[in-house]
Amino acid sequence: MRSRARSAIAGAVGSPIPHDSSRLHVTGRAAFTDDLPEPRDLLHVAVGTSTKAHARIRSLDLSAVSAAPGVIAVMTANEIPGANNCGPVVDDDPILAAGLVEYVGQAVFSVAADTAERARKAARLARIDYEELTPVLGIREAIAARSFVLPTESLFRGDSKKAIADAAHRLKGSVELGGQDQFYLEGQIAMALPAEDGDLFVYSSTQHPGEVQHLVAEATGRQSKDVIVECRRMGGAFGGKESQPALIACIAALMTQKTGRACKLRLDRDVDMIMTGKRHDFVIDYEVGFDERGRIDGIDFMFASRCGMSADLSGAINDRTMFHCDNAYFLRNVTVVSHRCKTNTVSNTAFRGFGGPQGMFGIEVVIDDIARHLGLDPLQVRRENFYGKGERDTTPYQQKIEDNIINEIVDELVNTSGYLERRADIRKFNQQNPVLKRGIALTPVKFGISFTATHLNQAGALLHVYTDGTVHLNHGGTEMGQGLFTKVAQVVAEELQIDIDRIKITASDTSKVPNASATAASSGSDMNGKAAQIAAAKIRRRLTSFAADHFSVAEQEVVFDNNEIRAGGKTLSFAELAHLAWFARVPLSATGFYRTPKINYDRSTFSGRPFFYYAYGAAVSEVIIDTLTGEQRLLRADILHDCGDSLNPAIDMGQIEGGFIQGVGWLTSEELWWNAEGELKTHAPSTYKIPTSSDVPVDFRVSMLRSSPNREETIYRSKAVGEPPLMLSLSAFHAIRDAVASVSDYSKRPQLEAPATPESVLKAVIEQQSDE
Amino acid sequence: MSEGKTAHSNCRKTLRFILDGETVELNDVDPNRTVLQYLREDIRRTGTKEGCAEGDCGACTVVVADIDPSGERLRARAVNSCIQFLPTLDGKELLTVESLAGAEEVLHPAQRAMIDCHGSQCGFCTPGFVMSLFALFKSNASPTRQQIDEALAGNLCRCTGYRPIVDAAREMYKANPGSDSWLMQPSNAEAGADEQRRIAKLEALFADEPLGIEGCGRKFFSPRELDHFAELVAEYPSATILAGGTDIGLWVTKQHRNPDVLIYSGNVDGLTDIAVRGGCLDIGAAVSLTDAMEMIIAHVPALEELFVRFASPPIRNAATLGGNIANGSPIGDSMPALLVMDAELILRAGGSSRSVALADFYLAYQQTALQPGEFIERIRIPLPGEGNLVQSYKVAKRFDQDISAVCGAYRVRLDDGKVAEARIAYGGMAEIPARAMKCEQSLLGSEWKEESIERAMRALDEDFSPISDMRSSAAYRRQVCGNLLKRFYLETIGSPAVRVYSYGR
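Chains L and H, in that order, give the protein sequences.
Adding 159 to a residue's 1-based position in the first sequence gives its number in the working numbering.
Adding 34 to a residue's 1-based position in the second sequence gives its number in the working numbering.
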């Protein structure tokens, strides 16, 4: 990995150092929540769940559960002393169902026993008598029944109806897009410990310790000051541990409160996948008017998502869908209607991209359809519609795009990937091969960075310098594998000019940094990096001022460089300076606080500047499909992605590659399948198929855009990279579409639903072969 | 039988295996305890993780070493500790992620390479990957990309996109092992003193009477002799015969069912050997899928894709061909191929044996011709003679470690351009793996050309009425079972490029 290190210290900003825990990871010594030493008398909790999608509970007989071997306690909704809610935004998410169940797998009661196995066995012994109600299971069904978790929203600019009517060409279409399970390798888990005077200490695998703290306090009838939540690391999260851990932590904490003993709840994989939320699946309808070059004059979109039984984060997620249905394209006349459907299935939640990928999926299908209709290369139609610079540069929500680099990225990638030559080769191949067909596509990414809820764009950090010159670093972000802790430590190392091994990275802890936002929206490094930088700068200023005073030199003459401080003619180590400063009673602890500048946004009108800046990228994928079975394989992928001035190119590369492959899984092999009773039948890796090593293209060329500092003043001019690369995977889906289209010699629009499983691809192939 | 004369009266009551060079001796072990539970809960060795408790994610991967058939080398194989019962470790060496670096903290080349290549992000799957890499390191001195993918097929990573892990699999061979420990030496190194020491330890463990234990009211027997095995099965006709445990493990972890008596076939002489005899592959029922597959591919190379896509290395290392057959699942991937090769089974009860054609073995959904007290002793697969065209295809949502929506197998013998013999069989199309009799009849005597195939494809509609489930719809299964026959035909006539799996590789 090419180093872009800014200075000579070990772990400088820009250096591709390994993840801070990598040595612990590979030796098995990195402690995840289930690996922590277990307190004396620990109880293991299991959850009894609903077997009906929609029903009233007539009676709940837990006598057999209580009598089962090893059982210490059982708990139902009416024993919850505080609020029976773990909904993060709307109070519509019961911790334990109170009389009404709204999905199969919903928590109805909890049971604590001396071993996890006994608790799980006991949880199966409940006798629940249900009065079944009619469930709403599908999105179209929900729209027809006006079954929504939140009001329908719309966003418009110009007169799309008229523009479509006046356009030279018109198309209508509809496409279905499946959801996705986060499939973090570490399942949901929390361990709650009783503390003095009824207080609680909770270890939670969570992206949002602060929210777990608040919801545990409310459920137990206590206050935030009575609860501490800690998380050192998660074994993957991807959004699945943004709001969902509150349910797990509340159940564990309530049982601790009831029994006075430490309680651990670790969900089995199947229960985890059935009980917790996923990426929203969508149906998307569109009507578009365009000219002979494929430039869009007007477009009407209808996005409808399966939110499941409660609101959870669905409001902001569907908002982001609306904000990203332009992707990198200027839509002059546009109307977007967004339905947030209530269904009797698990409440869907955050997943990398947070609704953005689904919005972008919509417009990319439209672009591809336009190209097929006009017989043009879809790339040409994409370019025709790209945002301009100085003109055609305002989004449907009225944000002026000031950092547009999409043309530069696409031009470079077209060259480096050999897109045009390969496209011609593929056409030749397809003429000569009746069974296997190849396809290629280039898709762009423009992704808005910031929480759309403006108030969440704040972060805090806490820094202590000890008298030996070592540093204790804490901030409100959480580590889920993305390397946030490493990057923030690099920022502090750079700021204080000390080697990174002098810095102890510590667990996220609600008692150190309060009211932190979730580590989400790709904002972790941007915000926590800045907060930590501010804290470090405070200490550096104090040390500078002290050194100037102490050595009688001007402050400008005090230089921090490579573990040393030079003050006039004097040189001393950072440790020596820290010790001197302590002796002189200089405070060596500081907090840092950061709020993202420039953003403002009025949700009532869907207008303003929700995003501080945009991250860009593009990918070219090439696939081969089998027209007899619908099987497909990704042969090659070329990616060019924009990380600004990367804080750590190795870690950012990991985000790009990992995000891309995760997106490929979403759009190809990962299928969620419910039966007619509303039971999810793909609830374990035996039935739910995320990519494996052999799904990664043998020819995989990934680059980061060079010399492209963020135009906004972000932390060392870097760019957020957590979510944007996931959407590069749209190129794989469109390459499959391209291969499918070859079946009709590119004369028909492919009707390909996502995920493009063999069955979905074969269906599209057969449709291409038909005469209609 | 009186108390003193039961088939298990001379059994050893102490389970013994090697961990970190020490002999672990355990009494009163619950036979249903998994290796993972033992590691994480009993001895708080938490490097090995639980990701799914069904052998599908690989976070729990450990390596089990035993003495290879030559008797001179140690063999290290990855297995899923989450569904491996603890007593199956008897007489073996267990290696976990903590075993590699040891107390001295000298990283194993696989660990070093994972750090250098940025192969860990969240780190939860990492110990499992490290162990699969270690098993690869000890079994292949210079793997190709495809062999690396195969070695990692049982390990899921959700963070990295695998590229850095594949890099690590290449990089680990470049490090100087810096130690003569068996752990640190790649597979092509000669057996050193450390390896010999380890072998001697295992030999000593295996020197005395077979294991027969009772714990938590449950029994576990690990006989060594076939007669002893047969006696035990006769004595406990309702016992569960445990081979690889890749399905029975899930009874315990997922269904919370606890079999009371387990009779383990993995150490039985006469069930674990494999040979070519009388024109047949003659495979003991307890031969691992890994070993069976190696032999089958050597003699029927056309089946290579089927078998390398069959489950994953950790599963194939534990699971057995006999278990796959006895399990009677309608979607087991070996059965269609074995059906078209006219495999037969030797079934044994007590002292008597009988032979049953595999085609007659399956009676109904998960019901077989096995009588109480009877077990599969051997599988005999007649080698397809000259002039036979053989193939098997599986179709699933993912290429590696996925259960087939449809698995088809084909064998035709052509005589003067006409079909002289036809065997067509499918998994996933009915409640049992089954031959397509109407389709076969339609082909018999026909010319080997497209029209005959089209007709045979239509006949498949009469053979099968598949169901819809999470793997695919009935309509898709119908469509694809015919199209796979067409693919087979196209391949036999030399059509270019009809399989995406192998395209460009």
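Among the hints, a few may not be true.
Capping the alpha-carbon separation at 25 Å, the derived lysine to any residue pairs in SDA-like fashion look like this [what the hints assert, rightly or not]:
1) Lys840(L) to Phe498(H)
2) Lys483(H) to Gln591(L)
3) Lys483(H) to Gln590(L)
4) Lys235(H) to Thr57(H)
5) Lys280(L) to Gln289(H)
6) Lys253(H) to Leu60(H)
7) Lys47(H) to Glu259(H)
8) Lys483(H) to Ile231(L)
Here are a few chain H residues that sit away from chain L, every Cβ distance over 10 Å (derived from the structure) [what the hints assert, rightly or not]:
9) Ser176
10) Arg489
11) Arg521
Keep in mind the hints are simulated off the structure, nothing from the lab.
Idealized CB from N, CA, C, for every residue including glycine.
To see whether the hints hold, each was checked on the structure:
1. Lys840(L) to Phe498(H): Holds, at roughly 24 Å.
2. Lys483(H) to Gln591(L): holds (21 Å)
3. Lys483(H) to Gln590(L): holds (23 Å)
4. Lys235(H) to Thr57(H): The hint holds at about 9 Å.
5. Lys280(L) to Gln289(H): holds (9 Å)
6. Lys253(H) to Leu60(H): Given that 25 Å is the threshold and the Cα spacing comes to 14 Å, the pair holds.
7. Lys47(H) to Glu259(H): Holds - the C-alpha atoms of Glu259(H) and Lys47(H) are around 18 Å apart, at most 25 Å.
8. Lys483(H) to Ile231(L): violated (71 Å)
9. Ser176: Fine: 17 Å to the nearest Cβ keeps Ser176(H) off the interface.
10. Arg489: At about 17 Å from chain L, Arg489(H) clears the 10 Å cut-off, so the statement holds.
11. Arg521: Arg521(H) is in fact no farther than 10 Å from some Cβ atom of chain L, at 5 Å.
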